[in-house]
Amino acid sequence: MTINVTNADWNAVAPIIIVAITGLLVLLLDLLSPKNISRYAAILLGAAGMIVAGVVASLAYWSPAYVAFGGAFIQSGFGIVFQLIILIAGIGSLILVRPPVQNERIAGATALMLWGTCGAMLMAGAGNLMVVFLGLELLSLALYCLCGLADRPSSRESALKYLILSSTASGFMLYGMALLFGASGSVAFADLANPALASSALLWVGGGLFLVGIAFKLSLVPFHAWSPDVYEGAPLPVTAFMSVATKAGTLAVFARFMYAALPAGTADRLLLPIWIVAAISMIAGNVGMLAQHDLKRLIAYSGIAQVGYILTALAGGTHLGLRYAIYYLAAYTFMNLGAFAIATTMSGDREEGSHLANYRGYGRRNPVGAALMTFFLLAMAGLPPTAGFLGKILILSSSVGAGYAWLGVVLIIGTAISLYAYAKVVRAMYQRDEHVHAFEGHAPAPLAWASAAICFVVIIVMTFYPYTPSNVLPIVK
Amino acid sequence: MSQMMAVPVSYYVGLSAVIFFIGVAGVLVRRNPLIMLMSIELMFNAANLLFMAFARAWLHNAGHIFAFLVITVAAAEAAIGLAIVVTVFRSAKHVDVDDVALMKG
Amino acid sequence: MIELLLILVPVVIGAAMQFGRDDENEKWSRWTGALVAAVMFFLALASRGTEWSFRWLSRPFTSAFHFGPTAISYWIVLLLAVCTFSAILAVNQPRRRRFIGQLLMLEGTMMGLFLARDLLAFALFWDAMLLPVFFTLLGWGGHSGTAWRYFLYNFAGGLTLLLATAAFGMLYGSTDVIGRTDVHLVGAWVPWIFIGFSFAFLVKTPVWPLHTWMPITYSDTPSPMVAVVSAVQSKAGLYGFIAIAMATMPDYVKTYAPWLIVLGIVSLLYGAFIALTQNDAKRIVAYSSLSHLGLIVVAIASFNPIALQGAVLYIIAHGLFSAAIFLTLGYVESREETRSLVRLGGLGASNPRLAGALCIAALAALGLPGLAGFVGEIVILTGVFQAGLVWPAILALIPIVLASAYMLRLFQGIMNGPEVPDLPVRADLNWIEGLALAPLVIALVVLGVNPHALTTFNPSAYNATTVSQGASK
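Chains as they are written, first to last, in this note's numbering: chain A, 150 to 626; chain B, 12 to 116; chain C, 37 to 509.
Chain A on its own, in the form it takes in the complex:
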């Protein structure tokens, strides 16, 4: 088989290339310019590169799907939407890096974040298992380094933990891929959907191992234990990035696997464990939130549950379900980025903004910040008027429509539990406790404030103009 690589193929991966080259430029800039300039310049250049990539990616949104590099990469509405979400996550977390606080390693961190974004974007557009693995490892390798960036033991510990657990999961996934390759004789997703494979043992075992890897990356129960620890240890911007980009990329792979790579009739049986695990995650994640004293751990547990909600939307494999999953993922991205932005504005070099104890009395010290934080937390809980509320309604209706009403019921129960945990933080912010040591903010963080404000506006707009991307199917031509 020969593959003719044309310009169109390169155009399909242009956004990824732009982000990758921006990473190199950032390093170059850091070498050539004086230190005090390059710190800010690195962040701005990185963000600009991602914005350009986003514009380039969205230009192709309405054009018909294009299969590039002989099926390795697919440029389609589906992939582009996920890439845009990942880019937003990249920008939103990159601008949380604060030069006065995280000093020398800024250029390196920026470059790593850009390359991690590349990896996640590759996953979003991957047409075969090889590119999935490549993207996943690119993302993970960048994240291992990023987790260890902060100069404290817990950060290094989180890097080691993430390295070992995530690599193990990659090993499972890779072995599953090898078995899938053995079953179909091809690494392309499209070739897995061959009805003749429906009873192949290799496909079932391989698919199972592949899904174990997916479940780990999505931090679904029982593969979730790493995420609170790793999130807690990692620096704030990295946690923000990890909590969204990893999940977005992995969800894209999962959705593609589910919608395009399964032989007809096997989806209900092969994916049943995933739905069960999603249901358990919705309960366990929300219960886990109750005992947390650290914002990053709280968001880790919340993320476990939120992924469960997104999977609930996918259950049943309907077109609308996929659209609602994307809608909710986008909403989740903005809520998370907003919450992390507020946490950043409260943080100095010791990341005070991630300790929930420091939020006591925040409502009085900074009413606007507290109001925004309340808004983001309530959005995560799914209270109106937020996109979280509407997203839940959409997910509920699609799960009822697809015959997975039981997942909808679990979602409701999980939401009820989660409310207590989110509202506990809100309550602490508005507590009138006179003898709390007055924790004041640190250096001004204009970019973080801007990010929080944008997230707020976007969430409101998403509530009232619930646009869900329409040309996401078919995923593979």
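Among the hints, a few may not be true.
[Claimed, not checked] Simulated DEER-style distance windows between Cβ atoms:
1. B:L45 with C:F55: 53 to 59 Å
2. C:I231 with A:G466: 25 to 31 Å
3. A:Y210 with B:S102: 43 to 49 Å
4. A:L176 with C:G181: 54 to 60 Å
5. B:L26 with A:L176: 41 to 47 Å
6. A:V610 with C:T374: 47 to 53 Å
7. C:I231 with A:V204: 48 to 54 Å
8. A:K573 with C:P405: 47 to 53 Å
9. A:V201 with C:I231: 50 to 56 Å
[Said to hold, decoys possible] A few chain A residues facing chain B, derived, Cβ under 8 Å:
10. F282
11. G320
12. V336
[Claimed, not checked] Chain A regions said to be covered by chain B (calculated; three or more residues, Cβ under 8 Å):
13. 288-297
14. 303-315
15. 321-332
Calculated directly from the structure, the hints in this document are not laboratory data. The structure displayed is predicted, hence computed values, not measured ones. Using N, Cα and C, we set each Cβ at its ideal position, and we do this for glycine too.
Once you have looked at the hints, place chains B and C on chain A.
Leaving out everything else, chains B and C in the frame of chain A:
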């Protein structure tokens, strides 16, 4: 199927499964991060073996390419992994994952 | 557009009042708030027959931001405007500006709920209206556990409402159904949808055995806020039964009506008996609310047009007198720093105006002819009796007798008897406090003498098939 295929592919699958489970067991049982990293390499290589065997069985070179890719990635992972282990070692003076427990999940 | 103003203006102004230093503009906040509430009242008056709609979702089911008063909610919206006006004038809590802001936000969100013509918008405001009360309880209430209990109970109800709404939308294809008469839901799912709605409504009302959040919430919430909550927010569930459950799935309401009647009767009796035993003045009123609202549940479940008319009358009447009682008790509490009947006594001699206000409100609550409460009760009982539900009608008479006992006990415990020496004696109602109570008392008298305005609304025009079916069977 080629006549060079003297050894049936199922033998390779069996061998690779054994190697894979040795790797999994290593990760689960051993407490030294270096050995855990080595066990992970074992898991990757079990997959590589499988890729090669299936590439041969299907006469499809995607398996070869995949194996090269995995080798490259594994090398990068080893480099980063060792660097992280070294930084942890520098601050803790010894490495044992049971001691790496500042944060309890 | 009026609807949009009714919802957004209070919410935006209320939210704006949350910012700034604690002690700024305390004085002006009352007049700003009262002015906003008064303007809202006249806007609400003018909103009759208007509608406003804006497409929200087109799939998986159609849904719209569709607002406009229905025949019933028009009156509830007016009640809300009046109660908020009175409550704002009665605020004497610390950090007054923020408190009034919370009241305004509560008004706006409840406007949204009662004006909603779309189920999804209804569900949205159902959750949203919990937040101002929750934050008020956290900021001004006694024990934070109360806030949690209030919030979690009602949010659980909100979630089942959400699930039921989603299922409703999937089944019917649209949620733009409130106030329409041509919607009839059929299918295997409908009982579950009905149960989801009912749970939310029954928690909100509340009805025994889902009432356990209510007495402590009512006694812990500061009086101006609890006046609005008990007067209007507790009517959300009843309104939901009439406007949503009965209008769209009458057959299922009928199937489950015996259960509703049982719950209503139990609440009636339970609330009345417990009210007799309480010493905390606010708790007496809280349990009396449980009792009175149980009567409305019975009226709704009896499926009789007369009873339904009585229910609407009584919804308004109960709103007026419970708001008046709670505000008056708030005045008593701020003067005497207690609301225990054991410690209070003899205020009537020195505070005649206060005593007069409480007297009228309490008499309305116990159903004295000539005041609004009586009209509602008698119409409901007539309707329930006419529907053939003889025993429920007879059982419902018992708490009405008991109401005289506990309301008179409340009044006498506070106002009559010898003056208690260790209580601070303070001034009688000043003109602002009188102005706060005036609209409520006047409305009680006017509606009691001439309930015609409320009964002219024609329930059969509202959900013709529902009510006529109910009457014929």
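Hints and how they fare:
1. L45 (chain B) and F55 (chain C) have their C-beta atoms about 56 Å apart, which keeps the hinted 53 to 59 Å range intact.
2. Here the CB-CB span from I231 (chain C) to G466 (chain A) is close to 29 Å, well matched to the stated 25 to 31 Å.
3. Between Y210 (chain A) and S102 (chain B) the beta carbon distance is about 47 Å. The supplied range of 43 to 49 Å therefore holds.
4. Range check, L176 (chain A) to G181 (chain C): about 55 Å between beta-carbon atoms, so the 54 to 60 Å window is met.
5. At about 43 Å, the CB distance of L26 (chain B) to L176 (chain A) agrees with the hint of 41 to 47 Å.
6. Here the CB-CB span from V610 (chain A) to T374 (chain C) is close to 50 Å, well matched to the stated 47 to 53 Å.
7. At about 50 Å, the beta-carbon gap between I231 (chain C) and V204 (chain A) stays in the expected band of 48 to 54 Å.
8. Taken as a hint, the range 47 to 53 Å holds for the pair K573 (chain A) and P405 (chain C), whose Cβ atoms sit roughly 51 Å apart.
9. About 53 Å separates the C-beta atoms of V201 (chain A) and I231 (chain C), a value consistent with the hinted range of 50 to 56 Å.
10. Here the hint on F282 (chain A) is kept, as its CB sits about 7 Å from the closest CB of chain B, short of 8 Å.
11. The closest approach between the C-beta of G320 (chain A) and any C-beta of chain B is roughly 3 Å, which is under the 8 Å cut-off, so the hint is satisfied.
12. The beta carbon of V336 (chain A) is positioned within 8 Å of a beta carbon in chain B (closest approach about 5 Å), and the interface hint is therefore held.
13. Interface restraint, the segment 288-297 of chain A with chain B: holds (4 residues with C-beta to C-beta distance below 8 Å; minimum three).
14. Interface restraint, the segment 303-315 of chain A with chain B: holds (9 residues with C-beta to C-beta distance below 8 Å; minimum three).
15. Residue count for the segment 321-332 of chain A with a Cβ under 8 Å from a Cβ of chain B: 8. That meets the three needed, and the coverage hint holds.
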